Structures are given as C-alpha cells and as structure tokens.
Amino acid sequence: MTDDLRRVTELDRLIHEPARLLIVTILSSVESADFLFLQRETGLTKGNLSAHLSKLEDGGYVEIQKTFKGKLPLAVCKLTAAGTNAV
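Going by this note's numbering, the final residue of the sequence shown carries number 93, and the count climbs one at a time with no gaps.
By construction, these hints were calculated from the structure, which means they are not laboratory data.
Take these hints with a grain of salt, some might be off.
Said to hold, decoys possible - Lysine-lysine pairs mimicking DSBU-like chemistry, simulated, CA-CA at most 35 angstroms apart:
| id | residue 1 | residue 2 |
| --- | --- | --- |
| 1 | K52 | K84 |
| 2 | K61 | K72 |
| 3 | K77 | K52 |
| 4 | K52 | K75 |
Claimed, not checked - Here are the simulated distance ranges between beta carbons:
| id | residue 1 | residue 2 | range |
| --- | --- | --- | --- |
| 5 | E23 | K77 | 19 to 27 angstroms |
| 6 | F74 | R19 | 28 to 36 angstroms |
| 7 | F74 | P24 | 25 to 33 angstroms |
None of the values given here were measured: they were computed from a predicted structure.
Virtual Cβ for every residue (Gly too), placed ideally from N, Cα, C.
All chains should be modelled from the sequences, with the hints used to inform the complete structure.
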C-alpha cells in the first residue's frame, strides 16, 4: 500500500462524513451561523442537521449556543479551535 492510500485510512471519519464535512466547510467560511442558515445551505432536514451537529459538538469540533431571539429559540453554531484545525 502506498503512503497516499494509507493517509486515506487516517481520515477522521467523524468530520469526513459528507454531510458533516459540508457543515464544517460552511462554518469555516463564517464566524458563526444559525441553525436555519445551515439548514438552508446544506439542504438537510431539521432532524438530520441536528443529529450531525450533535455528533460534531460531541467530537469537540462545533460549539452550539442556544438562546432566544424574542420568543423564538435560536441555535448559533461555530467551529471550535479543534474544528478549525481539522478543516
């Protein structure tokens, strides 16, 4: 096996799953993004996006701050230092 092929096996599967990689790529280009922006840009369903964000948060790649905008819940996501280094 060549060195290039070995490197593929070393990819972090948590971040290199296609939907999560898309989320991290979007977050790497902005300071932060709310849930609805990420949903619109990724085309993922609410449940699917929520599940992927939870995995990224558990892995330490994404920080999610839950607040309210008026009476509406607002989840703002941003990459952590580990997330930025992983991209």
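Hint-by-hint comparison with the structure:
As the CA atoms of K52 and K84 are separated by approximately 17 angstroms, the hinted pair is consistent with the 35 angstroms bound. Note on K61 and K72: the hinted pairing holds, with a Cα-Cα distance of about 16 angstroms set against a maximum of 35 angstroms. Annotation: proposed proximity of K77 to K52 holds, straight-line Cα distance about 19 angstroms (limit 35 angstroms). Taken as a hint, the K52 and K75 pair is honoured in the structure, with Cα atoms around 19 angstroms apart against an allowance of 35 angstroms.
Distance hint check for E23 and K77: the Cβ-Cβ separation is about 34 angstroms, which falls outside the suggested range of 19 to 27 angstroms. A beta carbon spacing of about 35 angstroms between F74 and R19 agrees with the range 28 to 36 angstroms that was offered as a hint. Remark: the range hint 25 to 33 angstroms for F74 to P24 is upheld by a beta-carbon distance near 32 angstroms.
Comparing the model with each earlier hint shows a violation of hint 5 alone; every other hint is respected.
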